[in-house]
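Quick note, the sequences are listed as chains D and E, same order. Quick note: the first sequence, position 95, residue 95 per the working numbering, numbers continuous. Quick note: the second sequence, position 106, residue 350 per the working numbering, numbers continuous.
Do not rely on the hints blindly, as some may be mistaken.
Capping the alpha-carbon separation at 27 Å, the derived lysine-lysine pairs in DSSO-like fashion look like this [to be verified]: (1) 364(E) - 231(D); (2) 273(E) - 100(D); (3) 371(E) - 231(D); (4) 231(D) - 426(E); (5) 231(D) - 335(E); (6) 338(E) - 364(E); (7) 41(D) - 231(D); (8) 335(E) - 41(D); (9) 47(D) - 351(E).
A few chain E residues that face chain D, going by a derived Cβ cut-off under 8 Å, partial list only [said to hold, decoys possible]: (10) 314; (11) 317; (12) 320; (13) 334.
I should point out that these hints are in silico values taken from the structure, not numbers from a laboratory. For glycine and all other residues, C-beta sits at the position ideal for the given N, C-alpha and C.
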Amino acid sequence: MFFINGQIPISSLLGMAMLVTACSQTPKGFDNDPFESVNRKTHEFNKLIDKNFIAPASAGYRSLVPDLVENSLTNFAGNLSLPGKVVNNVLQLDLKSAGKNTARFVVNSSVGLLGIFDLATSFGFYENNTDFGQTLHRWGLTEGAYIELPLFGASNFRDGVGQFVDMTLLDPSSYVLNEPITTYRSVASVSALLQARQIYGDQIDAVLYESADSYAQNRLIYLQRRRFQLKDESNEVYIDPYSE
Amino acid sequence: MNNHFHPRRFIVFGIMAALFAEPAFAISKGKAIELVERLVGEISLMINSVETEMELTSTFERIVAKYADMNVISRSTLGPRARGATESELKTFKKAFQGYFARKYSKQFQGFAGSQIILKDTKDRGKFFEVGASIVVDGSSNIDVNFRVSDRSGEPRFFDIILEGISLLSSERVEIGALLDKRQGDIGLLSKDIEELG
């Protein structure tokens, strides 16, 4: 019986609440974008920042700094981000990847001279990239509404929260490191970003500056890539052009 | 009495035949894989032999015309507006779209000389087959490319390429949709304009 002495038991209330949430869960596809008008403004802002600061800085960086130094800085920043990835591997109960990333960290921090050289890759220890957004996905959270974050770009509710947690809570390096290493790390992270902007330059330019609706194209590519990366098959949408 | 026509034997034989005969779909699966094998062979030849960008584009357009279901792909990129279009509008658009598609995506194959394309598993997705492949660049990083193949237009052809999770068809639907919006749905004008794009 649901009603005992005219009262609704708490469990049925909970059940109703769960049913309501389940019904309002994110639809598949790419149209879960209730904040589109705000997102589009943020997108224009991000494009402005990219066009006037990041892209030119990246081109300048590329022409001034030798490849060897660029790679070393990127390696250094990447190495310090590994402990955070190990934490996420463990939270996902993916102990195999946790082991691989730990091995990478140990090898590159020692023989690789504080991570400046990526020797682990030559030994076959590739990075198992992960983040807290992926952890939340493993824990059963759906992606939620699409958001374009200022400066950080395309994301969704789950992965935006994940990114924030990764940066603030789940980064063992930031608890351990002191000056001047923290400053070196910040510099190296910016350098890594500038190098990445150059490496993926053609693809980024094609989406941001050559497509007819860069906002919609960027959203589509982000969501599909992310679902592919997370192997989120439940969310996979495919078009069947024969039944249109 | 002739043993060969014993009813019980006949039933057993029937069950055996049903168990071992290939289901109708399996023939299509083999054909889907065969199509992608030939396609990938031609792409490999292209990335390892073609030198100039113009040559690359024209070779890729020839491959696309041969293996892709361009009628269906081009029509799909127009979205719901395709329903209101005339046959000749769709035909003109298809031709223009095919050139645009070849110019745009042949660029993606630049810098892949020396890499190998290997076929992986094929998945039955209900109404079509998805043939998995991987571009192996210098043995270090792999790029996943899946081909979605259907024979619903009469013969096996691919209608979508999934590159690292990104569907070319859905990306082009967004692109062409936006271009068409800017032209108030004028498919004729779009056909003219995309000759310059890609």
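Each hint, compared with the structure:
Distance hint between residue 364(E) and residue 231(D) is fulfilled; the C-alpha atoms sit about 17 Å from each other, no more than 27 Å. A hinted pair counts as satisfied when its Cα atoms are at most 27 Å apart, and residue 273(E) with residue 100(D) does not qualify at roughly 37 Å. A C-alpha spacing of about 21 Å is found between residue 371(E) and residue 231(D), which places the hinted pair at or below 27 Å, so the restraint holds. Distance check on the hinted pair: residue 231(D) and residue 426(E) sit about 35 Å apart at the alpha-carbon level, beyond 27 Å; violated.
A C-alpha spacing of about 38 Å is found between residue 231(D) and residue 335(E), which places the hinted pair above 27 Å, so the restraint is violated. A hinted pair counts as satisfied when its Cα atoms are at most 27 Å apart, and residue 338(E) with residue 364(E) does not qualify at roughly 31 Å. As the CA atoms of residue 41(D) and residue 231(D) are separated by approximately 30 Å, the hinted pair breaks the 27 Å bound. For the suggested pair residue 335(E) and residue 41(D), the alpha carbons sit about 38 Å apart, so the restraint of at most 27 Å is broken.
Distance hint between residue 47(D) and residue 351(E) is fulfilled; the C-alpha atoms sit about 24 Å from each other, no more than 27 Å. At about 11 Å, the closest approach between the beta carbon of residue 314(E) and any beta carbon in chain D exceeds 8 Å, and the interface hint on this residue is violated. The closest approach between the C-beta of residue 317(E) and any C-beta of chain D is roughly 7 Å, which is under the 8 Å cut-off, so the hint is satisfied. The closest approach between the C-beta of residue 320(E) and any C-beta of chain D is roughly 4 Å, which is under the 8 Å cut-off, so the hint is satisfied.
Annotation: interface hint on residue 334(E) violated; nearest CB of chain D at approximately 13 Å, more than 8 Å.
Checked against the numbered hints listed earlier, the structure breaks hints 2, 4, 5, 6, 7, 8, 10 and 13; every other hint is satisfied.
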